[in-house]
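Chemist: Construct the entire structure; sequences and hints are all you get.
Single-letter residue listing:
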Amino acid sequence: MTDLIRLSAAELAEKIHSREVSAVEVAQAHLDRIEAVDGSADGPGVHAFLHVASEAALESASLVDASLAVGTAPASPLAGVPLALKDVFTTIDMPTTAGSKILEGWRPPYDATLTARLRAAGVTILGKTNMDEFAMGSSTEYSAYGATHNPWDLTRVPGGSGGGSAAALAAFEAPLSIGTDTGGSIRQPAAFTGTVGVKPTYGGVSRYGLIACASSLDQGGPCARTVLDAALLHEVIGGHDPLDSTSIDAPVPAVVAAAREGANGDLSGLRVGVVREMGGEGYQPGVRASFDGALRQLEKLGAEIVEVSCPHFEYGLAAYYLILPSEVSSNLARFDAMRYGLRVDEGASAEAVMAATREAGFGPEVKRRIILGTYALSSGYYDAYYGQAQKVRTLISRDFAAAFAQADVLVSPTTPTTAFPIGDKVDDPLAMYLNDLATIPTNLAGTAGMSVPSGLADGLPVGLQIMAPALGEAVMYRVAAAYESTREPLVAPEVKA
Amino acid sequence: MSSRDQISRDEVAHLAKLSRLAVTDAELDLFAGQLDVILGAVARVGEVAADDIPPTSHAVPLQNVFRPDELRPGLSQEQALSGAPASEDGRFRVPQILGEEQ
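Residue numbers (numbering that gives the first Met the number 0), protein chains in the order written: chain A, 0 to 496; chain B, 0 to 101.
I should point out that these hints are in silico values taken from the structure, not numbers from a laboratory.
Hints are all accurate, no fakes.
Sample of chain B residues at the chain A side, in silico, Cβ under 10 angstroms:
| hint | residue |
| --- | --- |
| 1 | Glu26 |
| 2 | Gly45 |
| 3 | Leu61 |
The following residues of chain B were derived to be distant from chain A, with all beta-carbon distances above 10 angstroms:
| hint | residue |
| --- | --- |
| 4 | Gln5 |
| 5 | Asp24 |
| 6 | Asp68 |
| 7 | Leu70 |
| 8 | Glu87 |
| 9 | Asp88 |
| 10 | Gly89 |
Quick reminder that beta carbons are idealized off the backbone N, C-alpha and C, glycines included.
Modeler: Following this line, the structure appears as structure tokens:
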């Protein structure tokens with residue numbers, strides 16, 4: 000029998016829907032794989048999962064099988080296909096922690112819209128994946144539940160914040176996963192693990208039930224090992240949601256058709272913009288070489304390479320680390336020890352209990368960002384920091400608009416480096432922040448971006464970032480699928496847990 | 000902007016209090032140094048000439064979003080209290096909120 004865990008989601012769906020294999024067999028194969036390679040926080044292994052929902056997964060899969068057995072059409076193109084869900088989306092039947100001690104053991108009383116859509120589509124949710132606490136971090140080391148290990152080299156980070164979701168794909172624990180991208184948390188882990196990760200246009204996927212980091216930047220999106228799989232998942236989770244007032248009331252871009260079209264490998268007439276300010280100094284030589292190779296491939300496919308300039312991108316990181324902490328300091332005020340989550344009963348007043356609980360429940364990166372945001376919003380500093388950062392945000396959007404007038408998509412390396420060793424940057428916040436240099440502008444502008452594997456540098460995966468205008472996902476997927484068709488998939492070495 | 004004052008340990012302590020974080024002395028020492036480095040880096044936004052540029056709080060232009068004012072199912076009292084650290088008589092039970100002097 001074919002090794003089910005090595006198949007793509009599209010291949011699995013075909014086998015399940017034609018009843019060549021059952022959804023239960025597929026779910027069981029992935030649960031067995033998780034059992035074999037995931038290990039635990041203390042032991043060896045990938046540690047991609049914080050919670051494995053074996054029983055619920057098999058139950059959900061058996062419902063898909065039963066429905067297919069009586070001749071009912073599959074609920075979606077992904078019915079019966081397993082998925083790993085980032086532990087930042089609420090799930091009524093599983094704990095939801097956002098990687099934080101302050102939510103340890105919390106059982107949400109409602110499903111996120113994204114969770115509900117996955118269930119309605121018949122997708123098998125295998126469990127919840129590890130992440131940097133409240134999605135703040137670029138290595139998954141800031142999880143309160145131990146680091147996730149990169150399947151390519153277990154001594155290295157898988158990126159973050161969605162390191163669990165990316166590592167689960169690379170280790171063949173799941174063919175699909177969900178991430179969230181506030182400054183690169185889908186794309187950077189995808190680059191570090193040799194997988195595909197998409198940050199949709201802001202408002203393209205509902206944030207209802209997504210535990211907020213920075214509300215004006217957060218965006219859930221699909222992760223997979225192939226471009227077509229990401230597109231299939233994108234269409235399942237995307238679309239307007241009346242429960243999220245920032246959700247875009249427009250049809251989901253036709254990304255599946257675009258991915259299929261792109262797979263033909265013809266990009267003639269398409270203009271690909273290289274951003275002059277991205278990919279030079281500070282980028283690892285192997286990353287630059289991989290990027291140059293990708294450009295040559297795109298040219299071979301018929302694309303015209305044009306150089307564009309985005310002069311304000313170099314201020315993106317600075318603007319982001321003012322805007323994000325400001326929103327964080329406000330959003331995380333909800334963890335007040337009164338209504339849900341941890342309570343540390345120290346002190347007689349509510350204020351003392353709140354302060355003791357937040358001290359015990361939050362990790363160092365979350366505290367740093369709350370304090371930084373409180374500072375940036377203080378009277379006296381507001382104009383120079385938060386106000387100025389918002390103006391820079393406008394200029395970055397204008398840079399994008401000018402660039403997209405000259406090119407259909409923009410490209411850059413996804414990250415300045417490949418995956419770094421665990422422990423390398425954990426005590427140096429600014430060095431950690433630099434990981435997101437190339438991904439942050441897209442979040443500030445609310446546009447779309449994705450990372451696809453572009454090869455290896457010194458044995459570690461490198462990602463090619465493709466960026467598109469708001470709601471321009473179709474052209475982005477087309478380019479990604481065309482590029483993907485030119486190279487062999489990256490397959491991580493067998494994990495020895 | 001380049002002559003920005005260093006953030007002091009006392010300032011970090013004050014911000015932590017405003018943020019309801021009972022940080023330890025060791026954390027104050029650590030955070031003060033780290034935040035100073037981070038602030039030095041983010042202060043670069045001040046180099047951009049942007050006096051006449053409108054601020055963006057939200058990348059996607061949005062008008063007020065309304066929905067019909069009609070009854071919809073919500074959480075039951077039991078569901079809403081299901082994660083509460085303490086509850087009593089169908090309500091959240093909280094520590095003393097007002098000080099004696101108030």
